[in-house]
Structure formats: C-alpha cells, structure tokens
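Engineer: Here the protein sequences line up with chains C and V, keeping their order.
Take the first sequence: its letters are residues 761 to 854, numbered as in the numbering used here.
Take the second sequence: its letters are residues 663 to 1140, numbered as in the numbering used here.
No lab work stands behind these hints: they were computed from the structure.
We treat Cβ as the ideally placed atom computed from N, Cα and C, and that holds for glycine.
Some hints here could point you the wrong way.
Residues from chain C shown here face chain V by an in silico Cβ test under 7 Å; the list is partial [unchecked claim]:
{"id": "1", "residue": "Ser764"}
{"id": "2", "residue": "Arg765"}
{"id": "3", "residue": "Arg796"}
{"id": "4", "residue": "Leu831"}
{"id": "5", "residue": "Gln847"}
{"id": "6", "residue": "Lys852"}
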Amino acid sequence: MPISRATVEHIARLSRIALPDAEAALLTGQLDTILRYIEKLDQLDTASIPAMSHVLGLTNVFREDMRRPSLAPEDSLANAPAGDNGQFQVPKII
Amino acid sequence: MSYETIIGLEVHVQLKTASKAFCGCGTEFGLAPNTQVCPVCLGFPGTLPVLNRQFLNYGLRVALALNCQPAAFLKFDRKHYFYPDLPKNYQISQYDQPLAANGWIDIDTPQERKRIRIKRVHMEEDAGKLIHTAAATLVDYNRCGMPLLEIVSEPDIASAQQAYDYLVKLKAIIAYLDVSDCDMEKGSLRCDANISLRPCGQQRLGVKTEVKNMNSFKGVRDALNYEAGRQEDILGAGGAIEQQTRLWNETQQKTILMRSKEEAHDYRYFPEPDLVPFTIAPQTIAAAQATLPELPEAKKERLMNQFGLPAYDADVISSDKHLALFFEETAKGYPVPKTVSNWLMGDIMSYCNEHRLDFAQLPEVLPARNLIDLLQRIDQGTISGKIAKTILPELFGSDKTVDRIIAEKNLCQISDTAELNEVIRTVLRENAGVVTEFKSGKEKSFMFLVGQIMKKTRGKANPQLITTLLRERINSET
Ligand SMILES: [Zn+2]
C-alpha cells in the first residue's frame, strides 16, 4: 500500500484542511488506487533516460523589466469574501 | 566546560528591479495596501508567471560578487505552505538547482582573516504582509511577488560579532553592485540565523535553534549573543537543547519560542510547471563578471596603494560605496588623501550620523567642490583649521560657496602682523602675572596666553603666526 492513513492525515494538516474520519478513510483508498496506477511507470527501465524538469522543450522564457498597470483597488478585492480598508480580511491567525 | 558557537546565516535581499519577479506590478515601498497587485501576484487561477530578465541579471551579479559558481542550468520549484501571506499556497522558489553555489566572504577577526563560505544563492518571490488586529488578520499583497535572493552561509561563523561583520561585508558588496537598498528597517534585507553550541573539541554538531525577527545588524548580534548564552546555560546545567524556531524580542532583549520541531514545516517541494528552466551560457557569465564594479575589498586595496591611506581609514571609507566615491572625488581636487580621510571620518561622518543623512546624499548636500575649497582655504591661510570646522555645518545643504560664508561671517584669519601685535600687547598687559610665570619656566602659561589671544580674535588669529609673534614679544621684553 503506497499511501497510509497517517500520510493522508499529515497532508491534510499541512494543507489546513479539516478531514473527518470517514473522508480520511475514503481519500486514503482513492489516493491509494491513483498512486498504484501511477506505480505502473516503475516497470519501465529509465536508467538511460536523463531526468527532465519540464515537459516543454523551451528554456529561457523571460519578460523585460517593464512595469505594467496593477489592478484598480476596487478590482483587487472584488472577489474577496471579506475586506477591510483595501486589505483582504481572513480569520484571525495569531 | 567551554563551548564552541556555530552560526549559519540566511539572508534575504530584495532586488530593486522596476517590476516584480514574475509580473509587471511595480516594486515601490510604502504604497496603500493592495494597490500594487495583479492577477499573477494574487495567484488567480489561469494566470502564468513569467521571469523578469533583470531579476536573473541582478542575481547573477550578486552571485559572482560573492565568489559563487553560477549554475549552467537552473529551475524553479514550488515551496508549499498554507498561510495567508501567500495567496497561491506556494511560493515560487528554488530547491535543488539554485542560481549559484560555493562562494565566500572574507571577514577580519581580531586574530585573522577568516573565510565564511556561502553554500548557495537562490531566487524566490516575497510573500505579502499580515497585520493582526483584535478581530481578524488583514493582508496586503503589495510585497507579494517582489524578487528576493536568499543567500545561505555555511555554518562557518563562530560568534555573534563575526555574524555582524559578515552582514556588514555582505551589505557593502551588494550596495556596490547597486542592485538592492539593503535597508533592514524597510525589510529589503532580512536575516535569520541558525545557532548551536558544542563542547570544544567535539566533532559532532550540537542541536541548533533558528532565530528570526531581528530588524537591525545590531539586533542580529544581540539576539545571537543572547541565544548563545541561553544554550550555554542549558548545556552547562546538564540539559539538552531542543530544536526550535525562536523569535528575537527587541524590547525584552531575549528570544522567545515560536515553534518546536514537531511543528516544523514540510514544504513538499516540486518543480514549478508554470516556468520553463533557464540556462546561463559561459559567455553570459564572463560578460557579467567583466562588468562587475570595483568591490569593497578591491577598493580598500586601491585606497591604500593609490592614495596611501592607512588600512583603518581605507577600511572605513571603502565600507560604503558612496563614501568611497566622495573620497575619491575630493582627493582628486585636494591631493592630500589623509587630510580628506580625516575630515570624512571625523566631522563629516558625525554630521551625517547626527542628521541621519545617508552617504548617498553626500554629493547633493556637500558637493566635493565645497570641501576641496574649504581645505584649500586652510592651506592658503585664509582660515584656520578650527574655523574651518565651524564653517562645515554651514556648508551642508547650503548653496553658498566657502568664500561667501567666510566673507559673510567675517571669518578671515588675521595674518596681519600689526593687528596681531596690538592684540598681543593687550593680552600681555592684562596677564602680567602669567607672563612672569612663563618666564620662570611654566611652559603651560604660554598656551594660556595663546588661548587669550584666540579669544580676543574670536578664533581668527593665525595660530602659527601668533606663536611666533608672542615668543618674539616676550623675549624682547626681557
Ligand atoms: Zn502583479
């Protein structure tokens, strides 16, 4: 079994997601199935294939150091569930 | 038992590009909240980051100036953590293929020149700023996406003072490159420290703590001194150090527990698929190397060799790029370098400190021409050195020339023999007792008489001349 219940709970904690017992069990099973499927790739012999870090063959895609207009203040917060004086408001974290 | 302190520093430097690392938002400091944000730096779905070319250029310059080996191939990675200062829930950073590695900075300890190795220099984006109120946490993303370099030292630093010296050197080098403001108060330079102790002679490293939240170089030194003492107390009492992150509290002058090892981060790095990798050609590195400016070490050498300054003077003046430029500019017009250096390290530096003037503003508030004129007027005998010191504050920020101030304040040195003899006569008459004392061998009385003459002329008497005239006068009276 490539993924354990403990790993799922750990990831949930890192992601700040509350995971009820039933969901944790369900997700452990589902993630396990997914990872087992991916594990099929292990059957391939990749010893002679160099590691790659990107699927596109491109390198060195830059933008020049030019300033572009930022969002208007009313637009930047338009989708925020809560705002306060131009600032995004989130539940108290300290 | 005696312990050995082992310190490694992680320094974040914000580069002064015109736009952010991966979007076109500006990089100004102190704007109204969330007025410098766009869909990219707010992490909206469907947006794509694109690397700012200047970010890599500046990073490369810093890497080379720190004697690092730039990577031929580099890529970006996602560093995941879930905290509201990061709208994407990951920070674009570099993990296993950073911009550069294996550099060094040399510092001077009282015993020796010591090499502090630099492990790596990598590029990343800054996070937003949180303000915690009683009811909620407020987020300003203006800083989010600003280009940062993280410069990680090896644990080669053996004391809080060495950490301080390393930071001073690092800051000077980056300031010479003109790629960052390096202002700890504004957060364009930030420093976290790892510190551990081990019994002298032991090979194995002790358990370390990470210390954060220092907002000045002095704060770093104080925090590390405190933390070394705290660890020594625990070890000395037979206790064990816990691996922790601790926050420096400036007001209480102590470190306070922030989180313990159990809560340590697990960042789940993986390659950033939104950015393609980058290559740096050897020609690019050679070209960047060739255009590096003269750096503090080289400047110091030259100030000693070309201008004949003592090592101490050369060290102080080369520690700041603008101070060094001002020195060279002045020494060009007034070729007595040691005199220029004395004025810079004395009256001019204390004036700047007192008025919180940055040396970068020097050419503006005190054009080198004015200092040159002032020094020449002393040599020409127009004013005494003492009077010159009173003129200097008048010159700062003024559009008046030295000569105009001398004329307006009637500060011209009195070198007229007849006029001075008149004053001398009066002083001798008024202090007949002192004169007798002098004649009976009390050498100090002579200086008293000189002082009286200076007082009467409001400091304007030519000091060499009155010494001669006064001696002549006294001798002729016997
Ligand atoms: Zn943006």
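Engineer: It remains to establish, for every hint, whether it holds in the given structure.
Structural biologist: Each hint tested on the structure:
no., hint, verdict
1, Ser764, "violated, 15 Å"
2, Arg765, "violated, 17 Å"
3, Arg796, "violated, 20 Å"
4, Leu831, "holds, 5 Å"
5, Gln847, "holds, 4 Å"
6, Lys852, "holds, 5 Å"
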